[in-house]
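Here's the letter readout for the chains.
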Amino acid sequence: MDLVLGDVDATEVEREAVDAVLGTPTSRWEGALADGNGHAAAEGHLARGGHRAREQRHLLLPVLHSVQERVGWISPGALRYICQRLTIPPAEAHGVASFYALFSLEPQPPVVAHVCTDVSCLAGGASKLCGELRERLGEPGSQGADAPAGWMESPCLGMCERPPVALVATSGESPHEQAIAAAGIDQIERALAGEEPADDARPPVHQPPEDLRLLRRVGQVDPESIDSYRAHGGYGALRAALDLGPDGVLREVIDSKLLGRGGAAFPTGRKWEAVARTARRPHYLVCNADESEPGTFKDRVLLEHDPFSVVEAMTIAALATGCERGYLYMRGEYPLAWDRMVGAITQARDRGLLGERILGSELSFDIELRRGAGAYICGEETALFNSIEGYRGEPRNKPPFPAQSGLFGRPTVVNNVETLVNVLDIVTEGGPAYAAVGTEASTGTRLFCLSGRVERPGLYEVPFGTRLRDLLELAGGVVDGGELRAVLLGGAAGRFHTPDELDVELSFEATRAAGATMGSGVVVVLDQSSDLVGVLRRIAAFFRDESCGQCVPCRVGTVRQEEALARLANGSPRGSVEAERELLNEIAQGMRDSSICGLGQTAADAIGSALEKLAVFPNGGGR
Amino acid sequence: MSRALTAAPPRTVELKLNGETVKAREGMTILQVAQREGIEIPTLCWERTLTPVNACRICVVEVEGSRVLAPACNRKVEDGMEVQTHSERVRHSRKMVLEFLASSVDLTTTPNVERWMKEYDAQPERYGPPAPPHAEGERDRLRAGHHEIPDGSQAATVSQPTKVDNELYVRDYSKCILCYKCVEACGTDAQNTFAIAVAGRGFDARISTEFAAPLPDSACVYCGNCIQVCPTGALMFKSEHDHREAGTWDESAQHVTTTICSYCGVGCNLELHVQDNEIVKVTSPLDHPITHGNLCVKGRFGFQYVQNRGERGSGRGGRRAGNGSTPALGEQPPAAGDD
Ligand SMILES: Cc1cc2nc3c(=O)[nH]c(=O)nc-3n(C[C@H](O)[C@H](O)[C@H](O)COP(=O)(O)O)c2cc1C
Ligand code: SF4
Ligand code: SF4
Ligand code: SF4
Ligand code: FES
Ligand code: FES
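Protein sequences appear in the order of chains D and V. Those letters in the first sequence? Residues 1 to 623, by our numbering. Those letters in the second sequence? Residues 1001 to 1339, by our numbering.
Simulated from the structure, these hints should not be mistaken for laboratory data. Source: prediction; values computed, not measured. For glycine and all other residues, C-beta sits at the position ideal for the given N, C-alpha and C. Keep in mind that the hints are not guaranteed to be accurate.
[As the list claims (entries may be wrong)] Just so you have them, the derived chain V footprint on chain D, three or more residues with Cβ under 8 angstroms:
1) 532-544
2) 561-567
[Unchecked claim] Think about it this way: if two alpha-carbon atoms lie no more than 30 angstroms apart in a straight line, the pair counts; the simulated DSS-like pairs of lysine-lysine are:
3) D:Lys398 - V:Lys1095
4) V:Lys1023 - D:Lys398
5) D:Lys128 - D:Lys613
6) D:Lys613 - V:Lys1095
Turn these sequences into a full structure, and let the hints guide you.
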């Protein structure tokens, strides 16, 4: 490859932002300046550039983040310098940068508020807030680069229990992100003006600790102190695991019948075993904390309020599967969770609980944190690998499966945050004891994210087999004793349930039999006051925005679905309402059958279930 | 391809194809077996010389026991597999893919599509009248994760002005189905130049140079290997484009002369497409053992000297001239004298 770079140079500030991640360049090949200005070996064309630089491609996303934060956008000059440092063709780097919603390829205001307009926030006042923002600041995204501040609409920001939600991103010398939950116009305006509002970081957990397993330390433990974590029983599980040894841990996890909580409900023990038994090394562990399914915030609560449990659980998984390195890939919009995980990993390293020979054992393991940049699809495991590796977050073909060829083409275990945290109890109390909780096929407890028109929104932990009705009761039922219209179970990729369907048992087997899914544990409650049509259109818009664009059925199908829904909502169907419904069904069937990945395959499920069951367009379209 | 490198001789597997028991070599794809059996499975993004991306999904087939349909172009046959290539489900998915593409992309120069549309009863009109074309550069600037909420009265398309920024070939992305072939040909599958990549996301994804820079400012070396594999005519010799614009493109009046490139000693096969005694484009056979369809700029575009017969003022000068910033290889060798 001949690296052909344009002739625009990076500014001094842009170079600094890149060097902050990659270190200062050591040769002209890598882009060191001719004047030598403190740079060693700036002369000549050292042969060490290319290959070593290319091996750093996985640093592309961190570097892009650094430039975005420092400068507020990725300019052609900055991209050029990045490409020079990493030996990446500019067209490819541009393809990667333009894949992510959080990167701007045009100048934009230094402070930008991303305002959630997704399902739970829609049911919680987002439309009013956006109306006010329109009045004061103009249309979203319309503020020029010279404006002091701007705003944009955003998909779910993962704080759905306190709507409406905004994330204010400030670029510059001291860049920072500020999540504002239960955001009012005044708060946002103050944040846009540079004020940092006091963060209400109380965990949204309302059950007493004695009713909780996964969440029992949440709100009890100091998430910034490893000593506090240990005082609450932390690292007992790792000791137990080291006593059991890799095979012993594997056996307990298999016996526990633990199923993945990331959506696909795959048996964790089988996944681990496949990697553990693979001779090819190294093995990688990936903790999937991309959590971008609208209505989901469970992993955030664990990461923010019990971060050491995630570190400990990953360490045990690494022991069982023979991984020396783990990656935790977190969505880009979780500033507090990020800080807490950085703190937890640092403290664990300082105490010898990450690194070489952990607790004096044979086990060596460390964790690298990676930050997403606004792409739901990067939660799909193979898209996630591509994203870490510095490529566009497009799902790969399966087979091969991650256990054979995953991150960097190596055998890889990938698990959801919640899945992993379950392992602590499994190791401590043993697989069979763990399996005694829940139902025959769905063992243990499950986290449910309740939001929307419910009395006490928040995160709830119940044993599998609990009925949906009882879960709603636990959260106090419909807000103000209102009348239930529908429950969206499983998120945008889930399905709507009617008030008559509340007896469904929340287990993998029962929801599957009912043609439903628990997905990532989303329960969005809508009452008679909710704008159901608005919610459906938001879901359609979400998939249209988040499709990676790789395959035709999803890339175009999501567009056609949104258009047909718009016609129904406007009361102007082509042909008849029946014809539009039939068209939507046909689109859905095509997407379900022939899309590459789960995004396209489920993109019509929620909308289809609503049209089928909820009398959305009673009088031939319109609202 | 990689087959040849493995030590053990390939096993034979037995599968059912549309109910008939057939034998196949392990490692073959469903598509290969179907082709051998004379069953037509449409393809768009597959090409024998390129790594399968299975993105278009027009080749999907039903594999017994599988929840979703499988792309025939990349799914390997297995012992005991039962495959339906034309079941109701399959036909429906193909119909949808065709409708989705035909309602959003200009397929007028994509071979076979018209026939397939009839065969699968595709009715792209039912998505409504097409939206007006995008302004120049508009699609190049679309930001991931954001779009204008539609009212549904028009069907969104990728329609936009043709990019004419050099004298050798044009890029009409109104015709692009995003099959990734050009990207593969420009990248690791052939050219290793990486001048183009997919940018943006979802329906706004597009083939692009960095920041949509014009080709002369990009890494492009004008090998034309992307044109060779483009299945839709989105990438087109400028000579063909100009003829089509003028309404003078006439394939029935063309003949193809096969020859060997005279520039260097590699021995690349060239197919000169000639209309009215004028070379209008150059291809190379995809199954040619040396080129696999790939050429360099000299073989692909350096043909003008062949037809410099000293006849000045033939009216073709404008099309041949370089504009200074782009290669005008058509003029050499020998030194051009007709401008
Ligand atoms: C579009 C899409 C988005 C996904 N997002 C997530 C996610 O945010 N977090 C997650 O854990 N799994 C997500 N998954 C599921 C992962 O692909 C994978 O199955 C999961 O991480 C495996 O972990 P588990 O076995 O512990 O559930 C997603 C899948 C799809 C198709
Ligand atoms: S289904 Fe959608 S998200 Fe998945 S690969 Fe296809 S286009 Fe991408
Ligand atoms: S002509 Fe060659 S170098 Fe230029 S974009 Fe096409 S394949 Fe790449
Ligand atoms: S330009 Fe042609 S080859 Fe490239 S993606 Fe589009 S249709 Fe395919
Ligand atoms: S934060 Fe708004 S819907 Fe989740
Ligand atoms: S030809 Fe198989 S997916 Fe395109």
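Outcome of the hint check:
no., hint, in the structure
1, 532-544, "holds (count 3)"
2, 561-567, "holds (count 6)"
3, D:Lys398 - V:Lys1095, "holds, 24 angstroms"
4, V:Lys1023 - D:Lys398, "holds, 24 angstroms"
5, D:Lys128 - D:Lys613, "holds, 28 angstroms"
6, D:Lys613 - V:Lys1095, "holds, 27 angstroms"
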